[in-house]
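S.K.: Now for the letters of each chain:
Protein chains: 4
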Amino acid sequence: MSWNTFGRVFRFTTWGESHGPAIGAVVDGCPPGIALTEDDIQPWLDRRKPGQSKFTTQRREPDQVRILSGVFEGQDGKQRTTGTPISLMIKNVDQRSKDYSNVAQAYRPGHADYTYDAKYGFRDFRGGGRSSARETAMRVAAGAVARLVVPQVSILAYVAEIGGDRIDPAKFDAGQIGQNPFWCPDADAAQRWEKLVDDARKAGSSLGAVVECVARGVPAGWGAPLYAKLDSELAAAMMSINAVKGVEIGDGFDAARLSGEANADPMRPSSGGDAPEFAANHAGGIAGGIATGQPVTCRVAFKPTSSILTPVDTITRDGQATQISTRGRHDPCVGIRGVPVVEAMMACVLADQALLHRAQCGT
Amino acid sequence: MSWNTFGRVFRFTTWGESHGPAIGAVVDGCPPGIALTEDDIQPWLDRRKPGQSKFTTQRREPDQVRILSGVFEGQDGKQRTTGTPISLMIKNVDQRSKDYSNVAQAYRPGHADYTYDAKYGFRDFRGGGRSSARETAMRVAAGAVARLVVPQVSILAYVAEIGGDRIDPAKFDAGQIGQNPFWCPDADAAQRWEKLVDDARKAGSSLGAVVECVARGVPAGWGAPLYAKLDSELAAAMMSINAVKGVEIGDGFDAARLSGEANADPMRPSSGGDAPEFAANHAGGIAGGIATGQPVTCRVAFKPTSSILTPVDTITRDGQATQISTRGRHDPCVGIRGVPVVEAMMACVLADQALLHRAQCGT
Amino acid sequence: MSWNTFGRVFRFTTWGESHGPAIGAVVDGCPPGIALTEDDIQPWLDRRKPGQSKFTTQRREPDQVRILSGVFEGQDGKQRTTGTPISLMIKNVDQRSKDYSNVAQAYRPGHADYTYDAKYGFRDFRGGGRSSARETAMRVAAGAVARLVVPQVSILAYVAEIGGDRIDPAKFDAGQIGQNPFWCPDADAAQRWEKLVDDARKAGSSLGAVVECVARGVPAGWGAPLYAKLDSELAAAMMSINAVKGVEIGDGFDAARLSGEANADPMRPSSGGDAPEFAANHAGGIAGGIATGQPVTCRVAFKPTSSILTPVDTITRDGQATQISTRGRHDPCVGIRGVPVVEAMMACVLADQALLHRAQCGT
Amino acid sequence: MSWNTFGRVFRFTTWGESHGPAIGAVVDGCPPGIALTEDDIQPWLDRRKPGQSKFTTQRREPDQVRILSGVFEGQDGKQRTTGTPISLMIKNVDQRSKDYSNVAQAYRPGHADYTYDAKYGFRDFRGGGRSSARETAMRVAAGAVARLVVPQVSILAYVAEIGGDRIDPAKFDAGQIGQNPFWCPDADAAQRWEKLVDDARKAGSSLGAVVECVARGVPAGWGAPLYAKLDSELAAAMMSINAVKGVEIGDGFDAARLSGEANADPMRPSSGGDAPEFAANHAGGIAGGIATGQPVTCRVAFKPTSSILTPVDTITRDGQATQISTRGRHDPCVGIRGVPVVEAMMACVLADQALLHRAQCGT
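Top line first, the protein sequences correspond to chains A, B, C and D.
Position one of the first sequence corresponds to residue 59 (the numbering used here), numbered consecutively onward.
Position one of the second sequence corresponds to residue 59 (the numbering used here), numbered consecutively onward.
Position one of the third sequence corresponds to residue 59 (the numbering used here), numbered consecutively onward.
Position one of the fourth sequence corresponds to residue 59 (the numbering used here), numbered consecutively onward.
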């Protein structure tokens with residue numbers, strides 16, 4: 059059934075369809091007293107915004123967020139969270155007036171068209187309706203609030219692989235990530251992808267991608283046995299993003315190919331602070347569902363969008379055979395725009411776990 | 059914090075430590091009138107039971123389940139669920155009286171020893187306490203109940219890979235799965251693994267594994283936008299199992315390396331029933347978080363157990379450098395015993411989604 | 059902490075402050091295919107709207123609701139729910155530009171001013187902020203949707219008592235309820251209250267009230283053991299309404315004064331349908347947390363609003379002694395405007411229980 | 059549907075039927091490091107235990123609780139909570155082997171017999187099965203743990219009224235409460251009740267009662283807007299107890315009969331600590347759903363048990379007219395044994411709110 063709320067204590071609920079009047083989120087459980095204005099959210103939305111290069115969909119949305127509740131300007135002139143629900147809204151602007159009759163009548167394979175109809179018997183088919191990636195804008199907005207809840211944590215995501223072409227870890231340069239349209243930390247790979255993605259775009263084809271995300275500064279102890287494990291929550295968060303088909307924590311599937319010796323994460327006494335030092339981080343910063351104090355790392359697989367120019371066999375709502383192809387604007391590689399969304403979900407999971415930890419353990 | 063309940067409508071809550079007097083689960087939300095005795099649960103526990111071959115830990119637990127509530131023998135002499143909570147309990151028997159002082163004082167790297175202490179400042183260190191894989195017995199018990207809630211679904215899991223050695227899909231034979239100690243569907247691979255795992259066992263080493271799971275008979279429409287997506291719930295369920303580091307739905311990370319054309323799942327009119335026919339199932343039976351009617355498939359990566367004979371650097375509770383190694387009984391490949399657990403979690407997720415779907419959509 | 063969501067399967071989340079730009083609710087879990095336009099919601103809001111007589115606050119809000127998501131116009135031209143979250147919004151219009159400096163500095167006794175500050179250290183003090191009864195408009199809107207989920211149920215609330223002056227059960231006439239500004243079913247009482255409430259208004263005083271609510275058509279079987287009992291959910295729902303201090307189911311506190319014989323609800327075979335006939339309904343239609351098939355009845359006590367003209371001792375934010383009194387528009391009897399809110403909460407509880415029952419029991 | 063978990067962060071789940079092998083509770087979310095043995099729980103159970111006077115049911119249950127998980131003996135020799143789920147179990151002993159065929163075939167009016175059948179089509183009829191007040195033993199056990207989570211709070215409940223005969227507030231003496239079989243703080247009333255209840259017992263009749271509960275030491279700030287309000291949670295908690303038909307916070311229904319002036323709770327600067335002083339406590343220590351720092355008070359109405367000697371009209375499972383009466387052991391006034399249960403639910407609500415507050419607000 060419909061379950062549009064994420065989180066247990068720090069929670070957000072999203073609403074809205076791709077071509078409705080607006081989309082929004084209600085963030086509940088946020089601690090009070092946090093300085094928050096629209097300027098704290100907008101930059102993260104701008105990073106995700108479509109239409110910024112030829113490598114993402116040409117739909118142009120200003121994605122201007124408004125805060126409708128949950129903040130108040132105190133006597134110091136600073137607008138702060140009051141501890142009550144924060145309502146965020148973005149008006150939809152560029153709902154191009156187009157003819158959706160083909161989408162209304164025939165199911166786009168790989169999209170949620172058929173399954174929404176199978177479930178609900180009825181759907182808003184304009185632009186994918188509720189299943190549109192447009193919903194992820196509100197995740198990014200909620201994530202911007204979440205970041206302020208856990209300011210000690212820094213989160214960084216990037217594209218590690220497009221269409222099977224991987225970055226070279228030896229060439230990893232965090233400074234590069236914002237310098238190219240692919241959130242790519244390897245300048246050489248970024249150059250190769252330029253052609254790769256452009257070719258796909260021109261051919262009306264699409265490419266998959268792998269996004270990696272690292273959260274630094276997560277204190278040892280956040281997380282939870284057993285069904286709110288930090289890795290379990292991250293897996294749910296990432297797998298709930300449109301087009302995601304796989305999630306790994308730490309070495310992920312590679313760990314399944316290692317021996318116990320090769321996969322060991324030896325510990326050493328801390329040279330300074332409390333947390334021990336680790337010689338490796340195969341575990342991705344999580345053991346038994348709880349943070350070790352090392353960087354929390356995950357990898358997320360995005361499939362190539364199913365919107366392609368090549369006609370694909372499908373059926374109509376009435377069950378008749380037909381074919382469908384996608385013309386016009388689309389994302390040749392949806393994984394690229396997934397980067398800010400992955401970061402946002404990481405932030406939301408960590409904010410929630412931070413508050414859950416504080417509830418039970420007091421710190 | 060502590061969150062030992064899984065599920066939204068069909069829910070189970072587990073309790074118990076490896077070396078406490080017992081472990082248990084409370085299954086809540088189960089529909090009434092389902093015939094259920096201990097004999098419906100025991101066979102699934104027997105499949106998971108340790109000590110059945112030299113390839114799994116030699117701890118010997120009868121794992122005899124008792125149903126303490128939630129069932130009643132009606133006038134037809136059949137014991138059935140009453141719709142009230144089903145309490146399941148297994149007494150711990152083989153808590154070998156051993157000296158845990160080394161585990162009490164030093165953290166086993168890769169285990170949850172350090173993180174539980176970091177979180178709670180205090181832990182039951184005997185046999186891993188609450189973080190022991192022993193807890194998974196109760197998942198299997200809950201899963202046995204869940205299967206009865208969705209009898210139209212058949213679930214099959216098997217080991218697809220140990221230590222990097224994969225089965226040959228061409229040699230897949232479901233009949234083989236129960237014929238070898240590895241739940242391996244490829245007789246040749248099973249033979250190779252015999253030596254592979256035995257060598258690891260003798261060397262006090264350990265191996266990772268990949269488990270695949272297929273659920274057939276899941277009707278199109280089960281599942282949910284957006285934060286209780288079927289794939290999102292499966293990812294959380296699988297990632298909550300001890301030693302799991304990665305989850306894939308359908309083609310998973312491979313999909314990230316395909317083009318949109320290669321990844322397409324064309325649809326054709328059904329030759330008979332309602333659901334359309336699909337030419338491929340890259341999506342693993344899920345689109346937009348909702349079942350397509352095809353087999354629901356996932357892959358789960360188990361790391362090699364961190365309990366190995368080779369001494370590994372670690373620290374004591376007081377932060378002093380030391381080394382630790384694991385002697386005595388252990389699992390050379392924990393992934394093997396993960397097979398019944400993966401099946402159980404699949405069953406629990408599907409039972410929950412079936413009831414959630416019925417709540418909103420009436421069928 | 060902040061928990062702005064009500065319900066388990068049919069859920070709504072409200073947001074917004076009295077003097078913010080807008081208030082809203084997100085209704086999630088609503089079944090698909092239900093015909094729903096703003097015209098289905100507006101009449102219920104109009105019933106609750108302030109400023110309709112001199113007996114309620116003179117704040118004038120058009121309370122025009124907009125549906126921002128979750129509905130779609132099908133091929134039959136009817137707008138229907140799609141099963142996705144329904145976002146409802148009302149713009150605040152009449153936030154009279156007034157000087158709130160006294161409220162900002164001193165706590166109004168009986169209001170949530172002090173407690174919000176004690177909890178959050180910070181609050182939107184304009185018009186009560188989040189604790190304003192204005193929030194109840196969104197409950198009425200959510201309740202309007204809930205009514206459509208359980209169309210077999212008819213819900214009727216009315217004021218049974220103001221300032222200790224009760225209606226005469228012998229003079230109960232449902233047709234009267236909409237004919238006077240008090241939702242009073244007893245024409246004589248309504249006449250008495252006219253003077254009673256007007257006197258209080260002129261004196262800047264306030265009066266408490268008791269609201270009764272009856273839901274007919276609730277099928278036997280809805281409800282739940284043990285912590286989502288129908289009566290338990292109703293109690294929570296009603297007690298969450300501003301100014302409510304007591305809730306009774308059926309005979310309530312009177313039952314505590316009866317003998318078992320006098321309180322008995324004998325059953326007789328049904329003359330026609332399935333459910334038995336009952337000779338009395340002391341239980342208010344609920345036994346063991348589950349509906350009996352009789353009318354579900356509850357009584358709700360509203361305190362007199364604490365906003366009165368008489369100065370009351372209080373303290374400033376700095377802990378200094380002062381006095382405060384309320385000038386200007388206010389409700390002399392907040393219980394009157396509670397009637398549509400009580401009905402709405404009854405509808406929401408029943409819709410939730412209907413879906414929960416269907417989840418577990420299939421009907 | 060079945061929802062056997064209470065609480066949001068500090069949660070407990072109960073299981074078990076009156077005549078099954080055992081009853082139990084799983085307490086989850088409890089902070090770690092709290093000293094806890096069975097001796098901390100048993101005294102509270104002993105207070106509730108049936109068969110202690112002729113004024114309560116003669117069923118004799120030792121109600122010996124066992125802790126099966128969630129605690130561990132540390133190096134200081136003290137057994138403490140580990141932060142993992144605490145499993146509590148009580149074996150049923152005195153399930154008198156009696157003939158239940160009359161209860162199996164005919165519905166006892168006022169009990170949950172008919173409604174469970176209407177809901178589930180099937181029930182464990184022995185001794186009320188799941189709907190038996192026996193379940194409340196586990197609430198008392200969970201409450202004993204909850205008390206340790208909020209040691210700053212002291213909770214006191216007592217019977218204020220039986221069969222309409224009230225205590226005299228002027229004669230209130232807390233020291234009396236444990237000195238008579240009625241938990242009565244007024245020695246004179248206790249004497250009167252002796253005859254009152256004994257007469258009812260001999261006549262096979264039953265009496266209702268009102269229980270009052272006061273929690274002192276609840277800090278200002280605990281509680282929550284809007285749907286986890288402290289009063290709303292208390293109302294749900296109390297109304298979920300067997301036989302409860304009404305809940306009041308503070309002055310409750312009496313407040314509905316007061317003017318705003320009479321109901322005012324003026325505040326004065328604190329003479330010492332942080333919280334202000336209040337001249338009255340009509341509000342029962344809660345404003346806007348949040349604690350004011352004053353004593354939190356509530357009143358709970360228990361109906362007379364429906365188990366009486368007088369035959370009452372009812373129907374059989376097949377819908378035929380019949381009569382039923384209750385012979386043998388029963389409670390002439392179930393409200394008496396409700397006292398420890400009311401205290402326990404108060405403790406559980408406060409423990410939950412304390413942790414929720416800490417989650418959001420850090421203290």
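It is worth saying that the hints were derived from the structure and are not from the lab.
Honestly, I wouldn't trust all of these hints.
[To be verified] Output of the computed footprint for chain C on chain A, the stretches with three or more beta carbons under 8 Å from beta carbons of chain C: (1) 86–99; (2) 181–191; (3) 298–307.
Cβ coordinates follow ideal geometry from the N, Cα and C atoms, glycine included.
S.K.: A separate judgement is required for each hint: does it hold in the structure or not?
M.R.: So, going through the hints one by one against the coordinates:
1. With a cut-off of 8 Å between beta carbons, the segment 86–99 of chain A has 5 residues touching chain C; three or more are needed, and the interface restraint holds.
2. Look at the segment 181–191 of chain A against chain C: 4 of its residues bring a Cβ nearer than 8 Å to a Cβ of that chain, three or more, so the hint holds.
3. Requiring three or more residues with a Cβ within less than 8 Å of a Cβ of chain C, the coverage given for the segment 298–307 of chain A is violated, as only 0 such residues are present.
In summary, the one numbered hint that this structure violates is 3.
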